[in-house]
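Enquirer: Residues per chain, in single letters:
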Amino acid sequence: MADDKVMIIMTSGPDTPHRCATPFFFASLAIAMENEVTMFFTIDGTLLLKKGVAETVFPKDGGKPVSGFLQDAMDAGVEFLACTASMELHDLKPEDLIDGVKLVGGATMWQVAEECKTVLTF
Amino acid sequence: MAIVRGCNLPDDLYYLVEKHVWAKPMDGGVVRVGITAIAAKLSGGKLAALTVKAKNIGQEVLQGKSLATIESSKFVGPVPTPITGVVLRANEKLATDPNLATNDPYGEGWVAELKPSNWDTEKASLATGAAGVAAYQAKLEAENISCA
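In order, the protein sequences belong to chains A and Y.
What the first sequence shows, in numbering that gives the first Met the number 0, is residues 0 to 121, in sequence order.
What the second sequence shows, in numbering that gives the first Met the number 0, is residues 0 to 147, in sequence order.
For the record, the hints were derived by calculation from the structure and aren't laboratory data.
Note that the structure is predicted; figures quoted are calculated from it, not measured.
Hints should not be assumed to be uniformly reliable.
[To be verified] Cross-link-like lysine-lysine pairs, in silico, DSSO-like; alpha carbons within 27 Å at most:
id: 1; chain 1: Y; residue 1: K122; chain 2: Y; residue 2: K54
id: 2; chain 1: Y; residue 1: K73; chain 2: Y; residue 2: K92
id: 3; chain 1: Y; residue 1: K122; chain 2: A; residue 2: K59
id: 4; chain 1: Y; residue 1: K40; chain 2: A; residue 2: K59
[Unchecked claim] Where chain Y lies over chain A, by a calculated footprint (3+ residues, C-beta under 8 Å):
id: 5; region: 20 to 28
id: 6; region: 31 to 41
Heads up, the beta-carbon is just placed ideally off N, CA and C, and yes, glycines get one too.
Okay, chain A solo, but in the shape it has when bound (with noise of 0.2 Å):
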């Protein structure tokens, strides 16, 4: 049986700290159910791949950072892809990120969505 293809399209960011947690539980979810996992980052999701950002994001007062839930994902062999068109919008350059992220533009969103049995967004 052929794994199937999912995406995560994370456009939540500092600003709403308690919806940061789940896309990224939901990704390693999706990897432990044998799924070819890719999150793509864009409007302020791009924010939490930016270096030391989301060690300070707390979905829950007291509780694990955004960035104990996104190495998770990624150690479980998430793809990371952020939208160019993003880092302009927050002025971010390359080097200004964490590694492991690969940077694509808006086509590949929509490349990776028509490979993929099921997309969110969060």
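Assemble chain Y onto chain A, guided by the hints.
Expert: Okay, now just chain Y, sitting in the frame of chain A:
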């Protein structure tokens, strides 16, 4: 039942030590599978869910591939099957009480029952008996894991 570094390890089960899962041949050619006390400990002990993949029921799953997923506030990950086989049924009690798997991993907390495809060849790849417990103990010591 052996107790190794505070972890219960029955010596009559067949373990896929690397993945912290066990297999037990039952009557009628069925093999029951589940997670070990070590997996229960590593998950943080209190599960939010343990979900057998519904798509797998009636399908053959290869040894090492994901049979189910385990979710806790500390951990999310797969429960790999220790053997290749067709999944006959999931333990329905886990849907309402996933912590049966952490509280009674070898009894009421079993995960699924399979019809094995290659039991005779695959059981040689699993650790069992006193040697099996010793192999598991070596892993726990190397990784400094204990259930105490």
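Enquirer: Compare the structure with each hint and give your call.
Expert: A quick look at each hint next to the structure:
1. Y:K122 / Y:K54: With a Cα-Cα distance of about 25 Å, the restraint between K122 (chain Y) and K54 (chain Y) holds, given a limit of 27 Å.
2. Y:K73 / Y:K92: holds (22 Å)
3. Y:K122 / A:K59: Violated, at roughly 45 Å.
4. Y:K40 / A:K59: holds (24 Å)
5. 20 to 28: holds (count 3)
6. 31 to 41: The restraint on the region 31 to 41 of chain A holds, since 3 of its residues have a Cβ under 8 Å from chain Y and three suffice.
Hint 3 alone, counting from the list given before, is not met by this structure.
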